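A.B. asks: Here is how the chains run, residue by residue.
Protein chains: 2
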Amino acid sequence: MNQPERLYTLYWKDGRLYILDQRLLPHRVEYLSCTRYREVADAIREMAVRGAPAIGITAAFGMAVAAYEVLAEENTQARLRSYLAEASRELFKARPTAVNLAWALERIEKWLSENEGLSLKDIAAGLLREAEAIYREDLENNRMIGINGCALIPDRASVLTHCNAGALATGGYGTALGVIRASVAEGKKVHVYIDETRPLLQGSRLTAFEMLHDDIPATLVTDNCAGSLMKQGKIDLIVVGADHIARNGDTANKIGTYSLAVLAASHNIPLYVAAPLSTIDLALPAGEDIIIEERKPEEVTCFGNQAVAPDGIEVYNPAFDVTPAKLIKALITEKGVIYNPDQEKLYKLFAKV
Amino acid sequence: MNQPERLYTLYWKDGRLYILDQRLLPHRVEYLSCTRYREVADAIREMAVRGAPAIGITAAFGMAVAAYEVLAEENTQARLRSYLAEASRELFKARPTAVNLAWALERIEKWLSENEGLSLKDIAAGLLREAEAIYREDLENNRMIGINGCALIPDRASVLTHCNAGALATGGYGTALGVIRASVAEGKKVHVYIDETRPLLQGSRLTAFEMLHDDIPATLVTDNCAGSLMKQGKIDLIVVGADHIARNGDTANKIGTYSLAVLAASHNIPLYVAAPLSTIDLALPAGEDIIIEERKPEEVTCFGNQAVAPDGIEVYNPAFDVTPAKLIKALITEKGVIYNPDQEKLYKLFAKV
Chain A
216 MNQPERLYTL YWKDGRLYIL DQRLLPHRVE YLSCTRYREV ADAIREMAVR
266 GAPAIGITAA FGMAVAAYEV LAEENTQARL RSYLAEASRE LFKARPTAVN
316 LAWALERIEK WLSENEGLSL KDIAAGLLRE AEAIYREDLE NNRMIGINGC
366 ALIPDRASVL THCNAGALAT GGYGTALGVI RASVAEGKKV HVYIDETRPL
416 LQGSRLTAFE MLHDDIPATL VTDNCAGSLM KQGKIDLIVV GADHIARNGD
466 TANKIGTYSL AVLAASHNIP LYVAAPLSTI DLALPAGEDI IIEERKPEEV
516 TCFGNQAVAP DGIEVYNPAF DVTPAKLIKA LITEKGVIYN PDQEKLYKLF
566 AKV
Chain B
216 MNQPERLYTL YWKDGRLYIL DQRLLPHRVE YLSCTRYREV ADAIREMAVR
266 GAPAIGITAA FGMAVAAYEV LAEENTQARL RSYLAEASRE LFKARPTAVN
316 LAWALERIEK WLSENEGLSL KDIAAGLLRE AEAIYREDLE NNRMIGINGC
366 ALIPDRASVL THCNAGALAT GGYGTALGVI RASVAEGKKV HVYIDETRPL
416 LQGSRLTAFE MLHDDIPATL VTDNCAGSLM KQGKIDLIVV GADHIARNGD
466 TANKIGTYSL AVLAASHNIP LYVAAPLSTI DLALPAGEDI IIEERKPEEV
516 TCFGNQAVAP DGIEVYNPAF DVTPAKLIKA LITEKGVIYN PDQEKLYKLF
566 AKV
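Chain order of the listed sequences is A and B. Going by the numbering used here, 410 is the number at position 195 of the first sequence; the sequence numbering is gapless. Going by the numbering used here, 423 is the number at position 208 of the second sequence; the sequence numbering is gapless.
Since the hints were derived computationally from the structure, they do not count as laboratory data. In this text, all values refer to a predicted model and were calculated from it rather than measured experimentally. Mixed in with the good hints there might be a few duds.
Same chains, same names: a pair is fine if it fits in one copy or spans any two.
To be verified - Cross-link-like lysine to any residue pairs, in silico, SDA-like; alpha carbons within 20 Å at most:
id: 1; residue 1: Lys541; residue 2: His482
id: 2; residue 1: Lys446; residue 2: Asp504
id: 3; residue 1: Lys404; residue 2: Gly332
id: 4; residue 1: Lys544; residue 2: Ser481
id: 5; residue 1: Lys446; residue 2: Ala501
id: 6; residue 1: Lys511; residue 2: Gly527
id: 7; residue 1: Lys541; residue 2: Ala480
id: 8; residue 1: Lys449; residue 2: Pro539
id: 9; residue 1: Lys446; residue 2: Glu509
id: 10; residue 1: Lys541; residue 2: Asp496
id: 11; residue 1: Lys541; residue 2: Asn483
id: 12; residue 1: Lys446; residue 2: Ile506
id: 13; residue 1: Lys446; residue 2: Pro539
id: 14; residue 1: Lys446; residue 2: Ser481
id: 15; residue 1: Lys446; residue 2: His482
id: 16; residue 1: Lys404; residue 2: Asp430
id: 17; residue 1: Lys449; residue 2: Pro512
id: 18; residue 1: Lys541; residue 2: Ser481
id: 19; residue 1: Lys511; residue 2: Leu367
Make a model of the complete structure from these sequences and hints.
C.D. replies: This is the structure in structure tokens:
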């Protein structure tokens, strides 16, 4: 395995896509080596890679992987087109909620439709360049989200975050954690409270790991602590990422975000959502139209191979919930901060692009 | 090991106290055999036995165990008195929040002060009888709580509960789960949503186990699901137990209960607290005076021996939070249902006893 010195969510080397297997973090750093798009789709489905921006980037690379598969077979243009169509469908189906997956695949398809007539080799190379551009732009967007979000974070702020909207969920730097990183870089003192985020513990495993890595003071809590922390006056603001934002501002994010939003409103604490424009879905009128993925019961009933619930208990395990726009104080994007997001403001945001 | 056919939280046999080790449930049924009060205090401290009523009962038996220790040494009355005083102090210190522990030890001390001059043997036998009376009365109280609470549970109700306020948390039958059991016994259809209850998963491990055992339809969810379930209209009411109720009705219960109470209020869903009078502390004016136990970080960072968070991350792990009385629709006790509990109503409740 070629492991780079910095921890990358994914990287391309010698004709292969390497995907950090985040299921093994924080204790093991291993990369999945993918030479087939199906391996990439599996990595997304099984959440080796997760986080809406990161799975968008990964899917784009998955399309390049598919093109190189066909190139290796020295096959025809017709075969390439049908194989890429199949790959796009399969990658799209890997996770249903994050809109960045659809966004990245549409961008790849647009590139393909604009570049008909190229050789197989040039198409494969072009798709790889396009995936790399999506990756690079996401990182740049996160840095802008950080800069834009900074203004919302007072010095000595105590910030609660949920799940992992960090470097590992994106092309790097992070959305919610990007805002925190940028505030710290500006010299502000920030203390982060990290919800462990059941069932998959992205808070304990990934956000805690990122905060320790960057020497940002942080305290890990169970998801059950959030209300008590707010009541004790220990939380000044909440910042989270997003998986799918409807055009009225309603936001799907990791299960538990809606509970936090209600708690925040009741304690008069602002909740901010940090996300790139690629997470905003202008085609979708409102949150109730967002498809919420339900995942397997074992995520709740087991830790590794160790069962923690009796056999036969029924489980409901939605991966996301929807927070209505009215509970979101502001949406932090690479193009600016949108207070009290609504349809008009989101249309305007895209008109500026 | 003498294991009875029914699953008892604890039982006395042949001069020993057997305590069900609930840390091993639902997959292993093992009893700790105790012949020294320190073993009993350890079982409470390490949460082999948990649940406010159950640890009160256990502490009472712990005092009988201490008396039999002295009796076995054929020792003096003076030694008995000093040893029992020491045992009472140690048992009291085992957990700081549940008031039932203090309540049961005070009752034992009252019995002792009323029975001075008895032989060592009669004192030991008398303490055992008193502990057995506390045990039996708790079971009877739970049955009355169930009968009284029934009226609050509509037919076809969908009920959310948190932690385990069941047979395993009490002398049997349960407080919150007693209300559910009594409703089912009356012929009502009830569906229970069970919060898994991090960090120690009393919901997954114990409440799920009790519901399966009694064939009561139930669905296990992560604590993060509660808000989403309420928003979807899937929850008609919430019923929980309690660890310490101040005389104004403010209630300490398992961490996460306060979050549920705020969510319930915001969705116009009633929250009921089911608890015996032994959990109500008339000496305590309000919730802010309740001591909240903080437990070790490993409860959050590890599952068994498996670490799930990076080394060095700071953890805040309170075992309880306090729900203000104004968020509690009613308190369900063995002496009746108290709507909108407050100091005047709780004083009156005790005046009736």
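A.B. asks: Please work out whether the CA atoms of Lys541 and Ser481 approach to 20 Å or closer within one copy, between two copies, in both situations, or in neither?
C.D. replies: Both, since 13 Å and 14 Å are each at most 20 Å.
A.B. asks: Is the C-alpha distance from Lys544 to Ser481 at most 20 Å within one copy, between copies, in both cases, or in neither?
C.D. replies: both (13 Å within a copy, 18 Å between copies)
A.B. asks: Given identical chains, is Lys449 near Pro539, meaning Cα to Cα at most 20 Å, within a copy, between copies, both, or neither?
C.D. replies: Between copies, since 18 Å is at most 20 Å while 24 Å is not.
A.B. asks: At most 20 Å between C-alpha atoms: does Lys541 with His482 qualify within a copy, between copies, both, or neither?
C.D. replies: Classified as both; 15 Å inside a copy, 15 Å across copies.
A.B. asks: Can you tell me if Lys541 and Ala480 fall within 20 Å by alpha carbon in one copy, between copies, both or neither?
C.D. replies: both (10 Å within a copy, 18 Å between copies)
A.B. asks: Tell me, please, which holds for Lys446 and Ser481 at an alpha-carbon limit of 20 Å: within, between, both or neither?
C.D. replies: Both: 10 Å inside a chain and 16 Å across chains, each within 20 Å.
A.B. asks: When no copy is named, should Lys511 and Gly527 be tagged within, between, both, or neither for a Cα gap of at most 20 Å?
C.D. replies: within (14 Å within a copy, 31 Å between copies)
A.B. asks: Within, between, both or neither: how does the pair Lys404, Asp430 come out at a Cα-Cα threshold of 20 Å?
C.D. replies: Answer is within: at 11 Å inside a copy they meet the 20 Å cutoff, but 53 Å across does not.
A.B. asks: Is it within, between, both, or neither for Lys446 and Ala501, if the alpha carbons may be no more than 20 Å apart?
C.D. replies: Cα proximity of Lys446 and Ala501: across copies only (15 Å, versus 31 Å in one copy).
A.B. asks: Is it within a copy, between copies, both, or neither that the alpha carbon of Lys446 lies no farther than 20 Å from that of Glu509?
C.D. replies: Classified as between: cross-chain Cα gap 17 Å, same-chain 31 Å, threshold 20 Å.
A.B. asks: With 20 Å as the alpha-carbon cut-off, assign the pair Lys541 and Asn483 to within, between, both or neither.
C.D. replies: So Lys541 and Asn483 pass the 20 Å test inside a copy (13 Å) and across (18 Å) alike.
A.B. asks: Is it within a copy, between copies, both, or neither that the alpha carbon of Lys449 lies no farther than 20 Å from that of Pro512?
C.D. replies: Cα proximity of Lys449 and Pro512: across copies only (19 Å, versus 34 Å in one copy).
Consistency with the previously given hints fails for numbers 3, 19, ordered from lowest to highest.
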